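Chemist: Chains D and C, in that order, are what the protein sequence lines are.
Residue numbering for the first sequence follows my numbering, starting at 1 and increasing by one per position.
Residue numbering for the second sequence follows my numbering, starting at 554 and increasing by one per position.
Just so you know, the hints here were simulated from the structure itself, not pulled from any lab data.
These numbers were taken from a predicted model, which means no experiment stands behind them.
From the three backbone atoms N, C-alpha and C, an ideal C-beta is built for every residue, glycine too.
One or more of the hints may lead you astray.
Covered stretches of chain D, going by a simulated chain C footprint (3 or more residues, C-beta under 8 Å) [what the hints assert, rightly or not]:
1) 380-388
2) 449-462
3) 467-479
Calculated lysine-lysine pairs in the DSS-like style (CA-CA distance at most 27 Å, straight line) [what the hints assert, rightly or not]:
4) C:606 / D:320
5) D:320 / C:610
6) D:138 / D:90
7) D:320 / D:138
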Amino acid sequence: MTEFLHPAGVYLVGAALVGIAPGRLRVPLLLLVPASALALGVALPDGHWLSGRFLGEEISVLRVDRLSFVFGLVFLIMGGLGTVFALHVKERGPHVTAFAYVGAALGVVFAGDLLTLFVFWELMAVASTLLILQRRAKRALAAGFRYLLVHAFGGASLLAGILLQWTAGEGLAFDAMALTGSTALILLGFAINAAIPPLHAWLTDAYPEATVTGSVFLSAFTTKAAVYVLARGFPGVELLVWAGAVMALYGVVFAVLENDIRRLLAYHIVSQVGYMVCGVGLGTGLAISGAAAHAFSHILYKGLLFMSTGAVLHVTGRSKLTELGGLWRTMPVTLALYTVGAFSISGVPLFNGFVSKSLVVAAAEGEHRAAVEWMLLLASVGTFLHTGLKLPVFTFFAEDRGIRGREPGWNMLLAMGLAAFLCIGIGVAPGALYALLPFPVDYRPYTARHVLTTLQLLLGTGVAFMLLVRHLGGEPTVTLDTDWVYRRGGRLVVGLAEAWAGGSARMLAGLTRERDRLSALIAAAGRRPPLPVGYWLLISLGLLSALILVIVL
Amino acid sequence: MLRRLVGAAFVLSVGGELLLAATDAWVPWWHRAPAFHAVYGVVGCVLIVVVSKALGKVWLQRPEGRDD
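Turn these sequences into a full structure, and let the hints guide you.
Modeler: Okay, structure coming up:
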């Protein structure tokens, strides 16, 4: 029976119900929808379900196997945690949008064909854009529209690739693809959502501008859905190995310069997704399982980190290191929960990042990819430097700026507590996570050497931090990134369009004057009446069309 | 106090590594070299900070409100 129901459908119907239900049903619905979707998702049997034929091709809306299940499961867990975190929000819009977003992301990971994938992919782009726009601040609106434009481009690339595949007789099945001209377009669409530099700036531009609760959802789904589709469609593509290793370092380099705590964490999404993309590129069973395991861990600890920093923003109204400090006195529980997230992302033993990140590093080592392994280890250093040391030191300790915070509401603390529990639980007993992975994992993270060398790496980072701490505080600056190209490019396009529109208006005015002059001459000659306005309009449109053709060609 | 704790943990982790029997000789040399990861942590951290700060000062950082 469960195979006829789709967890995405539960969230999408739930979104509609939350939108129309009376206010007193809001909280019950908000709890019921994630709970029932999770119960349904856990019970789904393997196989292709909700299948049929469309345009002569086999369509499968619900494909359940080990790869889609592990991603789907963590999406369902995070959907619940994010909803509990946002329970205090009384407006309907954010909940409707968040449910639509979670539903779309679930639709992506369970899609058995490229057409279904595209439909949910685009729904995910629209819903996530609305999550950003809901903050309604000027910067959020601007970032939201930039986000939409980038994702529209990515979606167009994906659609073009799918159509080329289909017209070439390759069908619409969504399985591992050889890299060709048409699949390269599909890969480009996936790479944009995975935030692979230089296509990543939409993430660090937009995520920190969303609402406190919106960023928690955003941090979880789009990039990890992209990791899933890369693992499904392009495992073992060498380009992804290097793209991932560069990503891992790119994020930590930019995080050094960042003053906004949520943007700093956004750069670490880029970095951590780099491990996953690298694992997909390595393509071995251990590497793909490592990518999936790290996605699972990442969603939990990154959600927790965005919840904790969101709580700081929620109660203080501040998110910049230069404006924060001394909050440990008034927000000790938030600090403790943040620390769990920070230790998890940094790969401290007994936390989930330790047992998942090391799968990817071990896979690189197993393939004798020394340079890649060193790059990933260096990214670990940068991760602990920022999220484990710099951010908490300058937010919760350092200079007391007289901010009197308070702990956030019970629902926010509950969501953070549950996420922290899962981070520690997986870190202490990794077998439960390893048993879910797409390929069997014969790996022991808790060897004496692994634990000791990891501690050395972290302690070495700590020593360097103590030496450099005076240079690591926030600075009241912004950092240019690759979004500069379309920020500037956008202004150039608008400027050209305005100039063109101005030129067209002047041309039309000139033509009108010519018409009046010629009509006057003709009328004076007494041979014809003045030409009708429509006639001159046609001439004008013809000239404009010719001009457009010249520009286009 | 904190510095002493970190220092003690640092020494313990390096010492513990030295005590490990070389039964896992198949691992690459950098996993067997004593204190390699500690040194890599210190040097790597300094490298990340120096390179990032240099890039920021020379090229990437702008005053707040100027994002182009």
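Chemist: Confirm or reject each hint.
Modeler: Tested hints:
With a cut-off of 8 Å between beta carbons, the segment 380-388 of chain D has 3 residues touching chain C; three or more are needed, and the interface restraint holds. Coverage of the segment 449-462 of chain D by chain C holds in this model, with 12 residues showing a Cβ closer than 8 Å to a Cβ of that chain against a need of three. With 9 residues carrying a beta carbon less than 8 Å from a beta carbon of chain C, the segment 467-479 of chain D meets the three-residue requirement, and the given coverage holds. Proposed proximity of residue 606 (chain C) and residue 320 (chain D) is supported: the alpha carbons are some 18 Å apart, at most 27 Å.
For the suggested pair residue 320 (chain D) and residue 610 (chain C), the alpha carbons sit about 19 Å apart, so the restraint of at most 27 Å is met. Pair hint residue 138 (chain D) plus residue 90 (chain D) holds up; C-alpha atoms about 22 Å apart against a cutoff of 27 Å. Restraint check for residue 320 (chain D) and residue 138 (chain D): the C-alpha separation of about 18 Å stays at or below 27 Å, so the hint holds.
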